[in-house]
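Residues per chain, in single letters:
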Amino acid sequence: MGSSAKKRTDKKKDFNKPKLKVGKSRPKPTNFTDTSFKSKSIVLAHQSITTTAPTQSSQFSHHLSLLSSKSSTQRRDSLAYLTTAVASRPAGSPLPQPISVLLPKLNPLILDGANGVRSQLLLLLRALPAKEIEPHIGQVLLYIRAGLTHLAADIRSSATETLLWALETCPDEVVSCAGGWIKTLKCLLTVLHWHDPVQRTTALTGGGTSNWTSSKAAGLGNAGAKGNLPVKTLNVLAAFLRAGLVPAPGERENTPFQSKWPFPLRHVECHMLPKRSNAFAHLNLFGAPRDEEGEMYIEPEDRQRIFHRRFQRAVNMGVEAGKREGGEVGRATAAVGKTVEEGMNDFEVDT
Amino acid sequence: MPKRKVGALEKIDADLSNLQYKIRRDPSSYKDDFEGQYSQYEHQREIFLQAPSSATEDGIVSFRDLIDFVAHVSDCYPQHTKQFPQDLMGILSVYHEELEPELREKIVGSLVLLRRKDIIDSSTLLHTLFPILITTPSKSLRALLFQKILSDLRTSNASATNHKLNRTIQTVLYNLLGADRASPKGLWAVKLTRELWKRQIWTESKAVEIMKEAALADNEKVIVGGVHFFLGGDKEREELEDESSDDEAVDMGRIKHQMAINKKNKKKARMMEQAVATVKKKERKKKQPHPLNFSAFHLLHDPQGFAEALFSKHLQNRRSKLNLEQKLLVLQLVSRLVGLHKLTIMSLYSYFIKFLTPRQPSVTSFLASLAQATHSLVPPDVIEPLIQKIANEFVSEAAATEIASAGLNAIREICVRQPLAMNDTLLQDLVMYRKSKDKGVVMAAKGLLSLYREVGADMLKKRDRGKEAAMSLRSGQRKEQRFGEEGLGEIEGLALLEKWKEEERQRQRLEKGLPAEQESDKEEEDEEGNLDDWEVEEAQDTDDSGGWINVESGNEIDISDSDDDKPRTKRTKIDDEASKADEDKENVDKKPEATTEKPSTLATTRILTPADLTKLQELRLSASINSALPASQRKRAAQQAAALQARHADDPLTAAEIEGLASLSKRSTKVEKIALARAGKSDESVHQSTQAKRKEKKEALGKSTTNREKARKKNFLMTLGKGKAKGKRSLVQQGRVLKAHIERGKRGGKKGNKGK
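Protein chains in written order, with the UniProt record's numbering: chain A, 1 to 351; chain B, 1 to 756.
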């Protein structure tokens, strides 16, 4: 009896909760390690002091690898380092790493969860040379589009800014790269909730429901979350339409060939070497087959045609609704309307 | 940039699961949000397709979550998500090798979800998943896919058999096996078919055809899978059925008792209802007619061709790569086919010759296979050299006792199937072994002796024949059977049943006080009236039977009980006259049969009930037992006969049966003896008194203690005060206490649970 009782108490002791008392220090756990000692010096068995600091380029690639780090501050700091490295390099010298290496690392950061990272990323993108970005803009655009419809409002907002940056740096490439025109436009309209009413009614059976949703669409989305996002999006839309529909002023002047070239020469510009890189990309000789949405639309006429066929009605409806709203949104919408008018005035429907 | 305050609602909005919940409640209002997320999914998919192997998962919302989300709400927006299933299938079938495991699992799960929502149909799903199952190198994915495919097939066959789907899948499996015979991919076809066979989802001959194809494949694993199916598939199926009927046994009495005692609340009532429902369901299931399932052997087309192909391809073929164990399996299958369908493969028997030596590994299996392959249509002169060889190699004074008994058992098993293969000198020689000192050998020799007393007593020496055989030989009743001779096609023991019925009827008549034999003229007109209650009578008769040798009659009573529930009431309606007339008719039927020796017409004139059939079996058993034997021996004989009958004709002959009682002849060590003695008992590590055990059991069941036990356990400090005060009470106080006690008793305890 005695021994078993003892055993029982012993067993219980293991699971006893220490009693906490006010004013007394907390009892120490059994696995407590005393770290209160002090020492004047620590002797390491082996130590190495490298006299040579890591080179610029190795530091650059190190920070580049840190972009996929778990901590957001680390990512932001690395981005800041990269920004200064890119900005402070002597004029005319190439980037420490080629852009084709940089961009795959930078692109996912467009969808990064931390605000600081995304704003820093925009700074870095601005610092990159525009000419070199041009061939890769299709890749960036993929992530920008994903950002535009992201669940988090902050990411949507910063993706809008990034798109604005892309339109500023290389407007032609943005609208003419594969999938750049239709998909981006569709994405922007989805964000603004501008839908073609005809398509909508075919999709929905009940007419009443369509009325409800379209009235919500006129309210320009989740306005409570961020007041200026629709305005931003509208501005971007205007810029995008301008880039896509209004031809560059240089091309506008179609001077007669005779005056440009002396008599025996005709259509010389058609036979000259192409000015853009990868001139036959639109033929898509080696990639997977593309559908209508993923196709490249290089000529403004193509883009106008597509715009007229698929988007114009939705945009016009949206513009009208937006104008009625007035205020900042109304002004931005009016700008969009103006761009559309300007872009489409030389378009005639061919059947 | 100042910190922006984030509203609670906004925080919640950035949550796919929340959005999913909202969409499910009101799809039309959240259409815009869905469109946004769907385009998000599309963009993420594009990004993913750029680099499928290095899918980045560092964003807040991963591609995986989006797929999950869209799959869950896709039934709300069928127009928008038309392309979604095709997308998933495309991703899975193209990139399944390089996909990240979690994403891969999610895609598979989403596809199954879409199937459950009826957005895609089963055959599309299975046609997507099955090719991946075959090709993928990932083990976990294979396990997942196999489980999903199986469960999908089960659910689509749950309410009614989906013949179309089954047919397409079976064709796919069959083609898989036929396309590349050497590849191990066919194993999946085998696995799938076996599983579905086990669960009785596929029970038709097409599944058997698939397995037949598998057994004739070139890959060892596939062959073994196919052969195992034929040898054990049906047993597996039966076992599964037994298991499923065994589980979730509800003790109704206990629950009722608990309900009476414990506090009544809604939860308890619900539990009670559930228990009642399960019990009822079970009973209904029990009463349902047994599904008629043919075994795989019987569903086989062209067993002769199959057996020949198996034999020539895997056994005779010198280049076959099977090892001994696998060959034995194939041999078992071939011999079972031969025995069951009475096939003729002459070269099979000469194949056995070289394996019939005691040194051959697992020779008992070979012997069992040989016995299995023997049937009454095998020419005796083919078997005879084999028997001779077994006798020479195994059965001799010099051989070890186990070997001798195995040889004798094998010879007996062969001769049961083809008695003509034995010659009398050899038989007389072998029978002499019953004087051996070893028990196993004695038993085996006695078995052989008793066999030939029945089937060929004239081959035995005169003094070995036994009384019965000698008498019947002398009277000329017993005739030697010729090769290929078939008995008259009749139900064995039908005459016995008829006789028994007659006796029963007479007994009843005597009980009623009527003459045993009575002529009647109303028999004709009552023919129609009787038709519906003949079943009743049979059932009643079986119940009443008293003076019979009772051989395992538990079964039989069950059946007749279930039979006579309804008809008993019917019987009361029918007046005595009708029943009398019925009996009369029986008597008249009986008479001519008793005089002439023509086959009984009982089976041709009326339908035998299940009760009839069990009685028939019982009668057959008791007839085979000689009633002249002393009681103890009779009992043993009855047991043996019952065991013999319990063995179905389809059951395989195993090596254990050939080894027989060889274990008896082996001298066992002390350890083995102890283990044998302990085998039946549960291991008792703790020695306890019976009462302590009972108490523990009671506690484990969650039952309460008695008041006495409570009093005994009560902390003595609690009783101390009362004990002290008790002695110092004044008279008035004492009176009050007593009054209170009486009052309490009237109320029914302290809490007073009476009168509520």
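It should be emphasised that the hints constitute simulated quantities derived from the structure, not laboratory data.
We put the beta carbon where it would ideally sit given N, CA and C, even for glycine.
Hints may contain errors.
In silico DSS-like links for lysine-lysine, alpha-carbon gap of 27 Å or less [to be verified]: (1) A/Lys12 - B/Lys268; (2) B/Lys282 - B/Lys235; (3) A/Lys11 - B/Lys697.
From chain B, some residues computed to sit far from chain A (all C-beta separations above 10 Å) [stated by the list, open to error]: (4) Leu16; (5) Gly36; (6) Gln40; (7) His43; (8) Asp118; (9) Ser138; (10) Ser159; (11) Val172; (12) Lys267; (13) Gln274; (14) Lys282; (15) Glu511; (16) Glu696; (17) Lys739.
Going down the list of hints, with the structure as the test:
no., hint, in the structure
1, A/Lys12 - B/Lys268, "36 Å, violated"
2, B/Lys282 - B/Lys235, "23 Å, holds"
3, A/Lys11 - B/Lys697, "25 Å, holds"
4, Leu16, "7 Å, violated"
5, Gly36, "5 Å, violated"
6, Gln40, "4 Å, violated"
7, His43, "4 Å, violated"
8, Asp118, "19 Å, holds"
9, Ser138, "25 Å, holds"
10, Ser159, "30 Å, holds"
11, Val172, "28 Å, holds"
12, Lys267, "32 Å, holds"
13, Gln274, "37 Å, holds"
14, Lys282, "44 Å, holds"
15, Glu511, "70 Å, holds"
16, Glu696, "17 Å, holds"
17, Lys739, "43 Å, holds"
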